[in-house]
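*Asks:* Residue numbers (the numbering used here), protein chains in the order written: chain A, 361 to 774; chain B, 361 to 774; chain C, 361 to 774.
Hints listed in this document are in silico derivations from the structure and should not be mistaken for laboratory results.
Treat the hints with care, as some may be off.
Heads up, the list lumps identical chains together, so a pair's fine if it works in one copy or across two of them.
[Stated by the list, open to error] Mimicking DSBU-like on lysine-lysine, the simulated pairs with C-alpha atoms at most 30 Å apart in a straight line are: (1) Lys770 - Lys365; (2) Lys640 - Lys690; (3) Lys770 - Lys733; (4) Lys629 - Lys690; (5) Lys538 - Lys714.
Computed from a prediction, not measured in an experiment: that's the story for all the values here.
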Amino acid sequence: MIDLKRVRQLVEARLPGYSLPQEFYTDPEVFEFDLEAIHARSWFFVGLEAELPFPGSYLATTIGVLPSWWIAMIAENCERFTTARRHRGAQICDTGYGRKSRLVCPYHQWTYRLDGSLQGAGRMQESFDRRSIHLLPIHVEAVAGTIYVCLAEEPPPFGEFKEKLEPMMAPGRLTDVKLAHETTLVERANWKLVMENANECYHCAVGHASLTSSAYPFATRRDIDSWRPIANEFAGRMAAAGVATGQAPGEPLDAIGGEWWRAHRFPLKQGCVSLTMDGKPSVGKLFSEPEIGWFRWSLNSHAYLHALCDYVVTFSAMPTAAQETIVTWKMYVHKDAQEGVDYTDEGLTTLWAKTNQEDKDLSEINQRGVNGKGYRPGPYSQEAESMLIRYVDWYCAEARKYLDLAAANKAAAA
Amino acid sequence: MIDLKRVRQLVEARLPGYSLPQEFYTDPEVFEFDLEAIHARSWFFVGLEAELPFPGSYLATTIGVLPSWWIAMIAENCERFTTARRHRGAQICDTGYGRKSRLVCPYHQWTYRLDGSLQGAGRMQESFDRRSIHLLPIHVEAVAGTIYVCLAEEPPPFGEFKEKLEPMMAPGRLTDVKLAHETTLVERANWKLVMENANECYHCAVGHASLTSSAYPFATRRDIDSWRPIANEFAGRMAAAGVATGQAPGEPLDAIGGEWWRAHRFPLKQGCVSLTMDGKPSVGKLFSEPEIGWFRWSLNSHAYLHALCDYVVTFSAMPTAAQETIVTWKMYVHKDAQEGVDYTDEGLTTLWAKTNQEDKDLSEINQRGVNGKGYRPGPYSQEAESMLIRYVDWYCAEARKYLDLAAANKAAAA
Amino acid sequence: MIDLKRVRQLVEARLPGYSLPQEFYTDPEVFEFDLEAIHARSWFFVGLEAELPFPGSYLATTIGVLPSWWIAMIAENCERFTTARRHRGAQICDTGYGRKSRLVCPYHQWTYRLDGSLQGAGRMQESFDRRSIHLLPIHVEAVAGTIYVCLAEEPPPFGEFKEKLEPMMAPGRLTDVKLAHETTLVERANWKLVMENANECYHCAVGHASLTSSAYPFATRRDIDSWRPIANEFAGRMAAAGVATGQAPGEPLDAIGGEWWRAHRFPLKQGCVSLTMDGKPSVGKLFSEPEIGWFRWSLNSHAYLHALCDYVVTFSAMPTAAQETIVTWKMYVHKDAQEGVDYTDEGLTTLWAKTNQEDKDLSEINQRGVNGKGYRPGPYSQEAESMLIRYVDWYCAEARKYLDLAAANKAAAA
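Construct the entire structure; sequences and hints are all you get.
*Replies:* Structure follows, in structure tokens:
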């Protein structure tokens, strides 16, 4: 039982423009609160339609923390998605990829159709109503080849995200890709520290030497000034080509966004067409125009995603404990690209392997310091940490929304 | 401090004929409740008298979860059993087997007799009353060569169990055996899921291909129908030989049982005399008649035990956390059987190594599914899961008993 | 939130002269209480001045449990010590030794002077007040070459300790040493069991065969009687040499002490000049007179420390969980002693490696027994466990002090 009164006090104790009080990064009860207030009510990126090539193909993934949550998904051309368990609750399908024409529970062989309905169950009594048993549906949406799920009965509005993202993403042709690489990192840091780190590039100039060889570091005012004409030129070129960038020509640094997401298409460093060690494509076969820049979109609860002309890289952070987060990053390349011919795993992954490890190290250093008796919330840089300020404000707003709802429900029940 | 009001609500929320609400399988507080309500008040099978061959022989075992419980036992012809710690509480005897003429605490060398009384303690003050210090006794009972203990001050009645089991077990001659094999499995599942799985064979036909080569799978109505004449013939033959089977001739499928135990002697598949890969004995020396069938007895809290003509196999499940259970299974053979001559470890253990691993896998799949946000208690098969229904009903009844007692004690104190 | 009412009941339940109730050794809530009531308010030994040889040298260590506490220290001739984190809380300095002219945060490169003040922070807004950000100071004291810190805002009085210890320690010349060996042990025991074990030698005669070849075991009354003249002769000799021993000539067994510390200089077994396997020095170069005996001092919360003529050995026990304590022991030798020439690691460490491992084993046996359902607090030996009785009484008194203070604060707030 989460003490919501205590969480409310902690939320109210936060100073605007400052990092959160210690408990938000360390306390198991606040962690439980986060799962209910944020993760049970958020949209999650789970993969690409390209990962479900056939009828009956499935992609099963874990949302959030074991032992609390688990979800199996079945996709038939992305039309059917269900969580999968009934009878005594056995896990019907393990996480991973596969193809099935129906779902058979490994425990007692109850069999389900791909729409979730129960096809057969042996030795059940006459009074047993087969129609009362079906796999529980979850909400699923697809946008330009990317797939999102939400576990809430009433998910947050998805329409604006889809409407805005579709024209921004479509030119990137994320439907023409295949999975090429997957790595899992166990990070000893609260999920919010992992996402806070992802929401600022104040640390990039020193922290990410490889990334900033093709990405603008924005480390100094000079960096920003020199970047403006490039960004404006890019925005103009994209507008001429009919590609939405999510950027007003006069505001080159900012992305568009809704309550729980942000998205932006913007240029790389001059002379670079991809985020690689040398700015050149890491894959011989491209799935979109080389001049299309860097499309980055994010979901506040857990994901940072990047599409270039030669690869897609997805970063998903799943909370597993107050001070542990499982980060999975995947890379996708052109569906016809052959490893060893068109690309090598090392060439494809070196930059992101370095960058994600650097971010892991920074998040863990941050967690260790935050754990300290001497931690005091500190002030953010309004310029260098503007996205981060927005991120933490979003978290506090979501927490308040949940607390208000819980209070209203309690009042209604009384 | 366990919130008993909350546990009461959870118990009341259970639908008859359905699996338990999620918290019973996942919640640390319910786990603590289980230890107090069930394990602190149950009889435990701990081994065979054959494991205590000499005066001063001992068998020391852990009941329940570390760090909560630990018990050391000393047996002298099964007359003395004690938990072992006083002074500053050091563990006097490690788990395992051995032989001792007295117990010396390894910390400060306080010495105890095998009846638990203090023999010597160095450098204690004049006022120290040696008679006030003794190892705490626990309740111990023996039945036809098998040993049981209970940690409660007032254990549940043991008389009916002993009276009924003794004539059923005696022909099996479990006194003529020795320990031949021991394996420990750490199962990532709540102890009730482990025991629920042990209490139904609905999963056997598919889940235990090896076991069902000599055991009836009871997978279809045809299996059951074809089994009845065999069971009746067996019951008649045993009755003629004066062997109690715990079975009325007209009810071939059911075993006798009391509140916390069940027992049954019944036939194997036709042509089989033991539960082995081929139905033939796995040991050259038998300790009972080959036609004596399969004697199975169980203690609801933790154990499933099987005696055949050539071996005994014991399965004991000790809860160590809400989602972890340590299963120890042991096999015993004729006391004069020699490994390499009369049996091989592989020949003896293959079937149970497979079966216990399969059960571990199924219990863990069940736990993972039950952990899911989408878990809902599901309906049992009245026919295929009848023993399981009884098992879960027993658990709920025991939980209610404890809650009523706690409420009465609280009312009396007020 | 610690339930202080419950802790108060547990403290009141303790019988004088008996070991503590079970919860004090096993309960996570009592563990949290201990950290606040004891460790957050105690002085800690952290090392020797000899470990900080240069301007900018630092020694960074962890006080207490991760994830709760962490402390980085910077020493410039022991004048500056600070915990190190601000902005978003990253850990500025890892545990260990080193030398720095300023502190640069590895996350966003904020730079601090060695006095803790902020020197630079990039891209911060105009309104940002650099002077408001500085590393938090902690209390630091040095005594005759040894260093102590306290995390409390108002630390317990240090004056008496310094005043008494300085003349006792100074002849030992602990300023002329260097670190020669460091070992970390993870002990599966509550920190109080580790310190209780360190506070009695009732277990030494059997438990520490190596230690007692040069140290008096005090196992029997005869040991004590034979030791008195030696102790009196030593006390007289030291008095003549002007070395304070902390011992009244008529009371050879007892040490002086304050609320949270004890100290004593006393003789070894006849013919021995150091605590080694053969009583001879383990190092060729001595940093004090060979006849100076054994100087032992202790801090109740965590440390037992020994200075001989040839080495210093420090034992520090940091609580990391209710049933886990990290013990670090270090050995120091003359600063000019060369390994391989004046000493070998094996010769230096054998006795303490054995002794500390023996103590670890005993503490863990104690913990396992205390965990048992059958644990009951037992009576101490007034003679053989007198220091231990004082230790446990100190713990209870400190707990009561904290509880009284918390109650007074609560009353004042209401």
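*Asks:* For each hint, tell me whether it holds in the structure or not.
*Replies:* Taking the hints in turn, this is what the structure says about them:
no.	hint	in the structure
1	Lys770 - Lys365	both (12 Å within a copy, 19 Å between copies)
2	Lys640 - Lys690	within (20 Å within a copy, 53 Å between copies)
3	Lys770 - Lys733	between (35 Å within a copy, 22 Å between copies)
4	Lys629 - Lys690	within (24 Å within a copy, 52 Å between copies)
5	Lys538 - Lys714	within (22 Å within a copy, 39 Å between copies)
In summary, this structure violates none of the numbered hints.
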